[in-house]
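Protein chains: 2
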Amino acid sequence: MRIVVIGANAAGAKAASKAKRVNPEAEITLIDRGNFISYGACGIPYYVSDTVVEVKELMSTPVGVLRDQVFFRKVKGVDVITETEAVVVDWRNKKVELWTAVSGTTSFIDYDRLILATGSSPLIPPLQGSELAGIVTVKSIEDATFLKEQAVSGKRACVIGAGLIGLETVEALALCGMQVTVVEMLGQVLPGVLDDEMATLLERHIQSHGVQVMTSCRVSCFEGNGHVEKVITDQGEILADLVVLAAGVKPNVSLARNAGLEIGATGAIAVDDHLRTSVPDIYACGDCCETTHLVTGKRVYAPMGSTANKQGRVAGINAVGGDAVFNGIVGTAIVKVFDFNAGKTGLSEFAARAAGYDVEIVLSPAPDRAHFYPDAKPIVLKLVADRENGRLLGLQAVGSGAVDKRIDVAATAITFRATAEQVSHLDLGYAPPFAAAMDNLIVAADILKNKLSGHAKGVSPHEVKKKMEAGEDFLLLDVRSPAEHEMMRIAGAKLVPLGVLRDKLDSLPKDKEIVTFCKISLRGYEAQKILNAAGFSNIRFMDGGILTWPYELEK
Amino acid sequence: MRIVVIGANAAGAKAASKAKRVNPEAEITLIDRGNFISYGACGIPYYVSDTVVEVKELMSTPVGVLRDQVFFRKVKGVDVITETEAVVVDWRNKKVELWTAVSGTTSFIDYDRLILATGSSPLIPPLQGSELAGIVTVKSIEDATFLKEQAVSGKRACVIGAGLIGLETVEALALCGMQVTVVEMLGQVLPGVLDDEMATLLERHIQSHGVQVMTSCRVSCFEGNGHVEKVITDQGEILADLVVLAAGVKPNVSLARNAGLEIGATGAIAVDDHLRTSVPDIYACGDCCETTHLVTGKRVYAPMGSTANKQGRVAGINAVGGDAVFNGIVGTAIVKVFDFNAGKTGLSEFAARAAGYDVEIVLSPAPDRAHFYPDAKPIVLKLVADRENGRLLGLQAVGSGAVDKRIDVAATAITFRATAEQVSHLDLGYAPPFAAAMDNLIVAADILKNKLSGHAKGVSPHEVKKKMEAGEDFLLLDVRSPAEHEMMRIAGAKLVPLGVLRDKLDSLPKDKEIVTFCKISLRGYEAQKILNAAGFSNIRFMDGGILTWPYELEK
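Going line by line, the protein sequences match chains A and B. Numbering-wise, the numbering used here puts 459 at position 459 of the first sequence, and it's gapless, one number per residue. Numbering-wise, the numbering used here puts 847 at position 292 of the second sequence, and it's gapless, one number per residue.
The reader is advised that the hints may include incorrect statements.
30 Å max Cα-Cα, derived DSSO-like pairs, lysine-lysine [claimed, not checked]:
1) 694(B) - 785(B)
2) 74(A) - 932(B)
3) 1012(B) - 1022(B)
4) 494(A) - 629(B)
5) 56(A) - 932(B)
6) 932(B) - 377(A)
7) 932(B) - 139(A)
8) 785(B) - 74(A)
9) 629(B) - 504(A)
10) 377(A) - 694(B)
11) 510(A) - 629(B)
12) 555(A) - 629(B)
13) 56(A) - 1059(B)
14) 703(B) - 377(A)
15) 1059(B) - 74(A)
Reference excerpt, derived from the structure (chain B facing chain A, CB under 10 Å, subset only) [what the hints assert, rightly or not]:
16) 597
17) 632
18) 683
19) 886
20) 969
21) 987
22) 1005
23) 1063
24) 1067
Just so you know, these hints were derived from the structure itself, not from any lab. Computed from a prediction, not measured in an experiment: that's the story for all the values here. Built from N, CA and C at the ideal position, the CB exists for glycine as well.
Chain A on its own, in the form it takes in the complex:
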């Protein structure tokens, strides 16, 4: 049995190796159009910033063995052909036509089963000047080498796109001492990952590292004399010695499409839960194919190195006659930018509303471990839930603390369709160096339960701001301590510290709407309960407190 795998990165390399282990009789050939195989493209920003010193490390096993042709032959029992492109799949005759540019030769390879792992390519915006020298993507080892050469302290870089790769590259170039501007067409950083109020917290952090962030900004062209010098946008010109295109990726589907394989509505290769394409004996895995979002049940295009590895294993097993299933993903994404971590799993509020859910949300900032433990760092969680059944639909988390842990726990809970009630009772590990007695996620789930049951009534910072701007007659009640109020405050808010609220009820208007808030919203919620108990009826607390207020503060 001969298995041919097209594409020798995460998915393809995994599929080939796994197929050989499952069926040692099988003859496995791994074909790649590039020179370098099985490298960690996700590591490129860390190579650029010198966090990873040698490019070889991105292409090596954890014990330092280079994953090259010899490695695949000797260790994995897999033949690798590099610098050779699969140009035509003739599935009726189970044959692939190959083109080797260096030798200028065409050849053919027969297969019993074919695995397409053709990956993705950076989107290149069709703008004038895109071909200028100094404009680069973040995908290949060649890109990595070029970026590292160009990342010179004091020079100017412009990164187009504030998505995951864009922001990782922003960090890398800034750490190299470059003056960095990031341009995002949409109105926030990490669109599609974070809701806007969460994105604002990240954006502030990025700006605090001297990076200029331009959102809702459209690039019209690039200018320069051979080498790029300027990025022209609808918000003005940006001088740039280096331009990085990080406006997203698209699946490489031309080989599949030309062969007549079904392409899904997402633009990626359509596969079933066994990663079979529409043509018998052809599988697809990794960045070239679509998958299922386990929350919505919809087909999505969500390329990710982690998913590629899992899918490679499944495709490899099935190609040699096994019966493995890949059900889908929950849309987890995570990124570190300077000293800030930001992650998402499941649906954002925006995505959940767009999908038609009746949504409840919680904004909950808190230290990531026992507050008295000196390493404790703040993180903000945003839970998104389905009001109908209390099911958790998504979690976003940002901050300098352990965001990744809460994202992974929520990804697991969402996979099992957990409700707020179930999340609030998870037996998560507790010791002061790791978490508070009530983990951030438990606290957030408890707030969610309070909201779903009607005990707690929240209002988002956005809505509060809108009410202010509309001149609505309501009282914004700050229940923090005088010392906290002194440090920073929201203009127009009245201070009545929680500790004296029960004694000062007479000073508050019973006929007016009152919005309570504190640092993080827990005292705000206590205040709501105290006021409700005292007969005030129109009380809400501001989600997330002053810590998630994305507008100006008096200091």
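Let chain A serve as the given structure and place chain B on it in line with the hints.
Chain B only, in chain A's frame:
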């Protein structure tokens, strides 16, 4: 409606506050025999080591407000009576008799609903000399103050008990510069948490910090002239200026038992899933009551600050007429000791076998993030699964890296009765600063799948050692590189690097059992597959590789 809560720490304080929020009409009285209330006993070791500077921090909210009587009155609307012990519960007349030692007065309080949150007490071994000065437990604020005074650099401390609190205290005292010995009656550190091979890894780390670890060691008495000077054990005398008793805790049930409430087989107060005791209108929560282990379905005593908070909320809601449920725990525990983290969730292999499961295990060491990322630190995972259905029963994790994340994810997965297959496809967050493309847990679950399906055949380091000692005729095959072999090796193992194995098959005996291994077991598994494919039939790989070999190595 009057709610009386006995015990004003985690569970009691939570229950009282929650009850008031749910029913502001209710009159809530919180009674504690101590002087200090609502403090974080789990923080004591960090106060002792000066990681936490002021004892006040352990009794304050995250914004620094002292959780004292005034706080509970003003903020929570709860009356607190301290230094007053509940001595008799007369449930027929719904009355509690109170004794206030300072004033020498007896009084009575009526209740409509009573919540027992009487907590736990350190076990004091009934040994001669236990009453000597300088012998202390780790429970009260008074203990904390005493320990901090006594923790003097250069002096000798002996900690009795190598459980969670014992080891946290060992770290604290060693960080203060004391010469520390820890004595454990059982054969390993963290008995009941870790299996022995995992405990060995932690024990080595503790020893590397200059702490003497004495396991399988029984204390017979304490000696000293008024103040403790020596701990006498069956392994000899230990000089000690300070002795810490950390041999576990027992639930405080005398009040409940004397009142005729049912005490469970675990010795703790029996409660149902609504935390109702056997007597109407009396609830119990926190360290004084038992709970259900969600894996075995059995009643267990598993006191933990995190559980106490969750149960307090449930008891508080139910006491004022609500309908909240606490289903149970999965036995999660975690501890930091010096630069090492150790955690467990679900069942250990030992506990799973004792419970009658047909067990499969995986030992999987790996870096906790992308191996090329400089902050990557090693962690070792041990998965325990049910062979019958592939369900994950437990995870243990030790190492200097992010153990807590994997424990929490596994705790969540185990709560939802996840199988190896489901765990292996979890959509966990991936970016190089947080995880490898295949997270440690995914890798371990894949190995588990390989074992459950019969593709991979493992043998534990323990079994290998036994085979060696029994003089069995088998070949131990090291498939690492010559450079790795040079650094450290298992005596008697033959070196054939994986990269040349396919070429050297003739040098290996086909009729003999071969046990393969590498650094972590992945190449060991590859070697097993290569040998199987070449017609060798009796091949297993050593679980966890040389990194989890708990015996001597040649260097």
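We went through each hint and held it up to the structure:
A threshold of 30 Å between alpha carbons decides the hint, and for residue 694(B) with residue 785(B) the separation of about 23 Å falls inside it, so the pair holds. Between residue 74(A) and residue 932(B) the alpha-carbon distance is near 29 Å, which keeps this suggested pair within the 30 Å criterion. Pair hint residue 1012(B) plus residue 1022(B) holds up; C-alpha atoms about 16 Å apart against a cutoff of 30 Å. Note on residue 494(A) and residue 629(B): the hinted pairing holds, with a Cα-Cα distance of about 19 Å set against a maximum of 30 Å.
The hinted pair formed by residue 56(A) and residue 932(B) meets the criterion: a straight-line CA distance of about 20 Å does not exceed 30 Å. The hinted pair formed by residue 932(B) and residue 377(A) meets the criterion: a straight-line CA distance of about 20 Å does not exceed 30 Å. Between the alpha carbons of residue 932(B) and residue 139(A) the distance comes to roughly 27 Å, so the proposed pair stays at or under 30 Å and holds. Under the criterion of a C-alpha separation no larger than 30 Å, the hint pairing residue 785(B) with residue 74(A) is inconsistent with the structure, at around 61 Å.
Distance restraint check for residue 629(B) and residue 504(A): the Cα-Cα separation of roughly 11 Å lies within the 30 Å cut-off, and the hinted pair is therefore satisfied. With a C-alpha separation of about 27 Å, the suggested pairing of residue 377(A) with residue 694(B) holds against the 30 Å cut-off. Between residue 510(A) and residue 629(B) the CA atoms are separated by roughly 21 Å; this keeps the pair inside 30 Å, and the hint holds. As the CA atoms of residue 555(A) and residue 629(B) are separated by approximately 28 Å, the hinted pair is consistent with the 30 Å bound.
The straight-line distance between the Cα atoms of residue 56(A) and residue 1059(B) is roughly 28 Å, inside the 30 Å bound, and the hint therefore holds. Taking the CA atoms of residue 703(B) and residue 377(A), the gap is about 26 Å. The hint holds against a cut of 30 Å. A C-alpha spacing of about 11 Å is found between residue 1059(B) and residue 74(A), which places the hinted pair at or below 30 Å, so the restraint holds. At its closest, the beta carbon of residue 597(B) sits 6 Å from a beta carbon of chain A; the interface hint therefore holds under the 10 Å criterion.
The criterion of a C-beta within 10 Å of any C-beta in chain A is met by residue 632(B), whose closest approach is roughly 7 Å, and the hint holds. A distance limit of 10 Å between C-beta atoms decides the matter here; for residue 683(B) the minimum to chain A is near 33 Å, and the interface restraint is violated. Interface restraint check for residue 886(B): the shortest CB-CB distance to chain A comes to about 7 Å, inside 10 Å, so the restraint holds. The beta carbon of residue 969(B) is positioned within 10 Å of a beta carbon in chain A (closest approach about 9 Å), and the interface hint is therefore held.
Hint on residue 987(B) holds. Least Cβ distance to chain A is approximately 5 Å, under the 10 Å limit. Interface restraint check for residue 1005(B): the shortest CB-CB distance to chain A comes to about 8 Å, inside 10 Å, so the restraint holds. A least Cβ separation of about 16 Å between residue 1063(B) and chain A goes past the 10 Å threshold, and the interface hint is therefore violated. Violation of the interface hint for residue 1067(B) is found here, the shortest Cβ-Cβ separation to chain A being roughly 21 Å, above the 10 Å cut-off.
Hint violations for this structure: numbers 8, 18, 23 and 24, all remaining hints satisfied.
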